[in-house]
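Residue 1074 in the numbering used here is what sits at position 115 of the sequence shown, and the numbering runs on without skipping anything.
In short, the hints are calculated from the structure, not lab data.
Backbone N, C-alpha and C define an ideal beta-carbon position, used for all residues, glycine too.
One or more hints might be untrue.
With beta-carbon atoms standing in for the labels, derived distance ranges [what the hints assert, rightly or not]:
{"no.": "1", "residue 1": "Arg-1242", "residue 2": "Ala-1352", "range": "20 to 28 Å"}
{"no.": "2", "residue 1": "Leu-1051", "residue 2": "Arg-1242", "range": "17 to 25 Å"}
{"no.": "3", "residue 1": "Glu-1358", "residue 2": "Arg-1242", "range": "14 to 22 Å"}
{"no.": "4", "residue 1": "Ala-1361", "residue 2": "Phe-1043", "range": "29 to 37 Å"}
{"no.": "5", "residue 1": "Trp-1270", "residue 2": "Gly-1074", "range": "35 to 43 Å"}
{"no.": "6", "residue 1": "Thr-1018", "residue 2": "Ala-1267", "range": "36 to 44 Å"}
{"no.": "7", "residue 1": "Leu-1174", "residue 2": "Gly-984", "range": "17 to 25 Å"}
Result set (SDA-like, lysine to any residue): computed pairs, CA atoms no more than 25 Å apart in a straight line [claimed, not checked]:
{"no.": "8", "residue 1": "Lys-1106", "residue 2": "Ala-1246"}
{"no.": "9", "residue 1": "Lys-1106", "residue 2": "Gln-1208"}
{"no.": "10", "residue 1": "Lys-1106", "residue 2": "Gln-1181"}
{"no.": "11", "residue 1": "Lys-1106", "residue 2": "Trp-1238"}
{"no.": "12", "residue 1": "Lys-1106", "residue 2": "Ala-1028"}
{"no.": "13", "residue 1": "Lys-1106", "residue 2": "Asp-1295"}
{"no.": "14", "residue 1": "Lys-1106", "residue 2": "Ala-1164"}
{"no.": "15", "residue 1": "Lys-1106", "residue 2": "Pro-1205"}
{"no.": "16", "residue 1": "Lys-1106", "residue 2": "Leu-1234"}
{"no.": "17", "residue 1": "Lys-1106", "residue 2": "Pro-1162"}
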Amino acid sequence: MSASVPSDPHLSATLPTIIAPRGAGLAELALAVGGLAIGTGEFASMSILPLVAQDLGTTLPAMGHMISAYALGVVVGAPLITIFLARMPRRLMLVCLMLMFAVGNFLGALAPTPGLLIAARFVAGIPHGAYFGVAALVAAALVTADKRAQAVSRVMLGLTVANIVGVPLATWLGQVLGWRSAFVIVGALGLLTAALVAVFLPPIAAGNASPRGELGVFRRLQVWLTLLMVAIGFGGLFALYTYVTPTLQQITHASPLAISVLLGLMGVGMTVGNLVGGWLADRSRTATICGVLVWNALALACFSWTSAHLWLAGLNLFLIGTGIAVVPAVQTRLMDVAGDAQTVAAALNHSAFNIANALGAWAGGLAIAAGLGLTSTGLVGAVLALGGIAVLAVSLALERRAVAAPALAPACK
960 MSASVPSDPH LSATLPTIIA PRGAGLAELA LAVGGLAIGT GEFASMSILP LVAQDLGTTL
1020 PAMGHMISAY ALGVVVGAPL ITIFLARMPR RLMLVCLMLM FAVGNFLGAL APTPGLLIAA
1080 RFVAGIPHGA YFGVAALVAA ALVTADKRAQ AVSRVMLGLT VANIVGVPLA TWLGQVLGWR
1140 SAFVIVGALG LLTAALVAVF LPPIAAGNAS PRGELGVFRR LQVWLTLLMV AIGFGGLFAL
1200 YTYVTPTLQQ ITHASPLAIS VLLGLMGVGM TVGNLVGGWL ADRSRTATIC GVLVWNALAL
1260 ACFSWTSAHL WLAGLNLFLI GTGIAVVPAV QTRLMDVAGD AQTVAAALNH SAFNIANALG
1320 AWAGGLAIAA GLGLTSTGLV GAVLALGGIA VLAVSLALER RAVAAPALAP ACK
């Protein structure tokens, strides 16, 4: 059931306060399982990339297009779904999105050629951003205003746990049973999520959301700057992550089991960072974003030197993983700067992360193709993180100027 009094004026334009019939905890768990499915599918596709390329008889850079295709699906799907289906009840939308995600992964498991696999990954990416955007708004409406970032972080917990359990398991199964088994597991998780959401979430109206209202997000400069900061600043993480498996194979000389453990350590870092980031963002959102971007630049730069040593590489990957702490802060910032267009803004955040995915994979690939070696991806990532800091500085300066302008106006008369 849903109440009629919103817990936060920023959320009132989109969703009323939500009371889950079986408790907010189980509702958040259902949403988090979707994050587990999506996170496993997105990141495992990178870790099994060498297996896919070998089995389908193509090169690693050529097969890397399936990573870009998935990211493109997210970028295209997030705004289109949230704008044109703005009036769809939220529980129904979440169920439909996860069913589409499952179908895309099952198609990937059956794909006989690189081209068809790339197309299947595009389909699987379409619901990604819209799911996380709507799930974040639903989670925020389950709690009071001062707990929003922590509620969002609990939903995103599935995404980070995917890197502890889902990605290492899918990588190991891909090596033992073939890469297609990884996509089958992800598709099954998508079906499980659809069932859990249908059971543990109440029917949720779309509130005052409308296609016309959601389109208003594109007129807000701060929304664009925040998205640009994410797209550039977090391209660094993906510049490294896209090529982390071949790096661990060829530079660290890690065994298949050790690679799974190292990827799991990065997932532990993501989980810790996500939980701490939600807590920090509810206290100082701007400081959290600034601090995490600086942390990312340092941690990524170090990997160029630590990757040659097994235990140092593991520690470094854990520290790089904690950089995901920025997600709750960025997600709630977008909710506030988007005005009445919160649904599409929340979804666009994940479009921005997947532009970062594509940008990072492209930039890392350029460095490798230029002969700089696999270890160069850490330095490429650090440069991109610094670019994100520069965009954030511009955003904050314009924000302060906008706040100061009304106060200065009377003095100018």
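Looking back at the numbered hints, which does the structure fail to meet, lowest number first? 2, 6, 7, 9, 12 and 15
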